[in-house]
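> Listed below are the residues making up each chain.
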Amino acid sequence: MTASTAPVPVARPVKATTSVGLGTRLHARLSAIPTVVLWALVLLWTLPTLGMLVSSFRSEEAVKSTGWWTAVTNPEFTLDSYRSVFASGTASDPNLWQSFLNSLAIAVPATIIPIAIAAFAAYAFAWMDFKGRSWLFIGVVALLAVPLQMSLIPLLQLYTGGAHLSLGDTSFVLFPNLDLAGTPAAVWLTHIGFGLPLAIFLLHNYMASLPKDIFEAARIDGADHFTIFWRLVLPLSVPALAAFAIFQFLWVWNDYLVALTFVGGAPDNAPMTIRLATLSGGRGQDWHILTAAAFVSTALPLIVFFSLQRFFVRGLLAGSVKG
Amino acid sequence: MASVTLDQVTKVYPNGHVGVRDLDMEIADGEFLVLVGPSGCGKSTALRMVAGLEEITDGVMRIGDTVVNDLPPKDRDIAMVFQNYALYPHMTVAQNIGFALKLAGRPKAEITERVNDAARTLELEQWLDRKPGQLSGGQRQRVAMGRAIVRNPAVFLMDEPLSNLDAKLRVQMRAEIARLQRELAVTTIYVTHDQIEAMTMGDRVAVLRDGMLQQVDEPERLYAHPRNLFVAAFIGSPSMNLVEGRLELDGDAPSVLLGDQRLGLPASVLAERPALKDHAGQDLVVGMRPEHLTDPDPGNGAEHLTARVELREALGSELLLHLRTNISPAVTEATKVVAADVDEEAVAELHRQASAGEAMIVARFDPRSNARVGDTVEVAVDTERLHFFDPESGDAIWS
Numbered sequence: 012m013t014a015s016t017a018p019v020p021v022a023r024p025v026k027a028t029t030s031v032g033l034g035t036r037l038h039a040r041l042s043a044i045p046t047v048v049l050w051a052l053v054l055l056w057t058l059p060t061l062g063m064l065v066s067s068f069r070s071e072e073a074v075k076s077t078g079w080w081t082a083v084t085n086p087e088f089t090l091d092s093y094r095s096v097f098a099s100g101t102a103s104d105p106n107l108w109q110s111f112l113n114s115l116a117i118a119v120p121a122t123i124i125p126i127a128i129a130a131f132a133a134y135a136f137a138w139m140d141f142k143g144r145s146w147l148f149i150g151v152v153a154l155l156a157v158p159l160q161m162s163l164i165p166l167l168q169l170y171t172g173g174a175h176l177s178l179g180d181t182s183f184v185l186f187p188n189l190d191l192a193g194t195p196a197a198v199w200l201t202h203i204g205f206g207l208p209l210a211i212f213l214l215h216n217y218m219a220s221l222p223k224d225i226f227e228a229a230r231i232d233g234a235d236h237f238t239i240f241w242r243l244v245l246p247l248s249v250p251a252l253a254a255f256a257i258f259q260f261l262w263v264w265n266d267y268l269v270a271l272t273f274v275g276g277a278p279d280n281a282p283m284t285i286r287l288a289t290l291s292g293g294r295g296q297d298w299h300i301l302t303a304a305a306f307v308s309t310a311l312p313l314i315v316f317f318s319l320q321r322f323f324v325r326g327l328l329a330g331s332v333k334g
Numbered sequence: 006m007a008s009v010t011l012d013q014v015t016k017v018y019p020n021g022h023v024g025v026r027d028l029d030m031e032i033a034d035g036e037f038l039v040l041v042g043p044s045g046c047g048k049s050t051a052l053r054m055v056a057g058l059e060e061i062t063d064g065v066m067r068i069g070d071t072v073v074n075d076l077p078p079k080d081r082d083i084a085m086v087f088q089n090y091a092l093y094p095h096m097t098v099a100q101n102i103g104f105a106l107k108l109a110g111r112p113k114a115e116i117t118e119r120v121n122d123a124a125r126t127l128e129l130e131q132w133l134d135r136k137p138g139q140l141s142g143g144q145r146q147r148v149a150m151g152r153a154i155v156r157n158p159a160v161f162l163m164d165e166p167l168s169n170l171d172a173k174l175r176v177q178m179r180a181e182i183a184r185l186q187r188e189l190a191v192t193t194i195y196v197t198h199d200q201i202e203a204m205t206m207g208d209r210v211a212v213l214r215d216g217m218l219q220q221v222d223e224p225e226r227l228y229a230h231p232r233n234l235f236v237a238a239f240i241g242s243p244s245m246n247l248v249e250g251r252l253e254l255d256g257d258a259p260s261v262l263l264g265d266q267r268l269g270l271p272a273s274v275l276a277e278r279p280a281l282k283d284h285a286g287q288d289l290v291v292g293m294r295p296e297h298l299t300d301p302d303p304g305n306g307a308e309h310l311t312a313r314v315e316l317r318e319a320l321g322s323e324l325l326l327h328l329r330t331n332i333s334p335a336v337t338e339a340t341k342v343v344a345a346d347v348d349e350e351a352v353a354e355l356h357r358q359a360s361a362g363e364a365m366i367v368a369r370f371d372p373r374s375n376a377r378v379g380d381t382v383e384v385a386v387d388t389e390r391l392h393f394f395d396p397e398s399g400d401a402i403w404s
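Sequence order for the protein chains is R and P. For the first sequence, the tail end lands on 334 under the working numbering, and the numbers increase by one without skipping. For the second sequence, the tail end lands on 404 under the working numbering, and the numbers increase by one without skipping.
Derived by calculation from the structure, the hints in this document are not laboratory data. A quick note: this is a predicted structure, and the numbers were derived from the prediction, not measured. Worth double-checking, as some hints may not be accurate.
As the list claims (entries may be wrong) - Straight-line alpha carbon distances no greater than 27 Å define the calculated DSS-like cross-link-like pairs of lysine-lysine that follow:
| no. | chain 1 | residue 1 | chain 2 | residue 2 |
| --- | --- | --- | --- | --- |
| 1 | P | Lys-79 | P | Lys-136 |
| 2 | R | Lys-223 | P | Lys-79 |
| 3 | P | Lys-136 | R | Lys-223 |
| 4 | P | Lys-107 | R | Lys-223 |
| 5 | R | Lys-142 | P | Lys-79 |
| 6 | P | Lys-107 | P | Lys-79 |
| 7 | R | Lys-142 | R | Lys-223 |
| 8 | P | Lys-136 | P | Lys-107 |
| 9 | P | Lys-136 | P | Lys-173 |
Let's have the full structure, built from the sequences with the hints guiding it.
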């Protein structure tokens, strides 16, 4: 998350003749304010994370008796918490590695599949002429307004029983019973559905801002829609694709609600977030190991973010500034 | 190699705006035709219709003997150079140039060879592995040219290819494109806003206004014999001075009255323009090119106008004097359109001059002239080279 920068206050040079120097100095002072505020925010928000990191390396005793800052004067670190987090579990309580893999099994398809679908859709919305294009696009974007929470129960019913329409004596199957409840597929299918509108919206805006001349040059060079999409639009859209990939991956990785609804009853398939909750809920006395577990869970998102972050800002700004 | 024929070609946009109206043109095989005109005159639209990027509403378009109205761009055997080059930013120069060949499924060896040939012609060999973002404007322009010539097309289409370059580079690339076109002898249609490009590059120049063809001719003829006021006002830099005048044919001494100043006309003027007699005693528009308004020359019996110097532009090789006269400027649709193409201020200035009855004219003096701002000077007029236009129709008066 980034805090939005407040507009830089500009000091107008006061009545030119005498005080140009003063005005300039005032301007320099005032324009430093946003930077100071930003640093204060960064510090404020990083501090708890730092505390968590320090706590995760402290012993159970120390965590429960003194604050993490005492580690500054009395440094005494141990890997005990991490050891107990990774300690092998039982069948009903699998260890953290299993949950880590479960999280991956959900987050990877839930990131890649919507990007693949949305890229095609966004290209069509941006550069292909067909009837009802703008209405269809508005319809897709309007889906952003559907609250996820509202559809959890209907979706669960769909996954466990399918959908049927009864007209008189006959019953039509609208959606077959795939018996998805408790499987990772139920979770990533849901995430795909709810990720698509934003993906299409973001990618469309980016692709629509690509210069028209390039497309025309490609048409003259003999390219059809698929060639233009594959050889020009996809490579040129990498920043936008990466930006969305970060968004979607972090959101899915950190999701608790959807996972709880669809695989909450199947610990074998539960992702990290569920596992973390049971760590604190089931063994309240061991809350000190939560800090270590949280850091294990954060590791991958951090890697993903830092490896893609150079695209992140560029992708979000795409289209607003001509680059 | 092929000719391009436009037969009554019309473009009407869905909103009813007419981009091009009944355009008739025949561009010969190997010819370099320049389309020129003010912004929004339809020149780019016409070019894009040849390219197949714009649908043709009505009329027939032929490249060679093939009717291409419904052919997609890739099947028209054309190549196009865009105003902002439209290079593929993620591909190297070599990939950019070879893209069309690759899509056409040519063997790798052939692509490499042809790309290298094109690069050699355009002196791009050392940049082949660079991306467009790492090139200068002139080099990008050359890559765009390379992309066009590598395909060996029947027709080159160029849409203001030099307008993004700075002045010096533009002069250089202008010569280079013209040379390349003569070497390759490929039929070329070149759209420009810059009439110097139009005059220097084209075998013929077509002037468009509001989607309608005004005149298509060799550059010299276009300059010396503009068919109407619009062409006269648009072609030439500085442009032709256009003022109101009255033709008087008293006895055997014809003359033209500009404000209260009278210019005697030699007999040859009437002999070359028989139709002028019909306009005796009538108002008409008189056009004078700056180079036909020169230093006073009292000895040789030249005709003179009197005017006051308002601005002096010494260009080294010549001296342009902006002179305020007591003659009314010609204000017609055509002169307004040409002024509007400069900017709104130019239109306002035209109206100011008209209401004051004080046209500003430009004269080309010898750089050694000692005329100063504020001086009242005598200007010699080459009366044989005057242009006369019907103020109603705007047509030039010849025969």
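> Checking each numbered hint in turn, tell me which of them this model violates, lowest number first.
none
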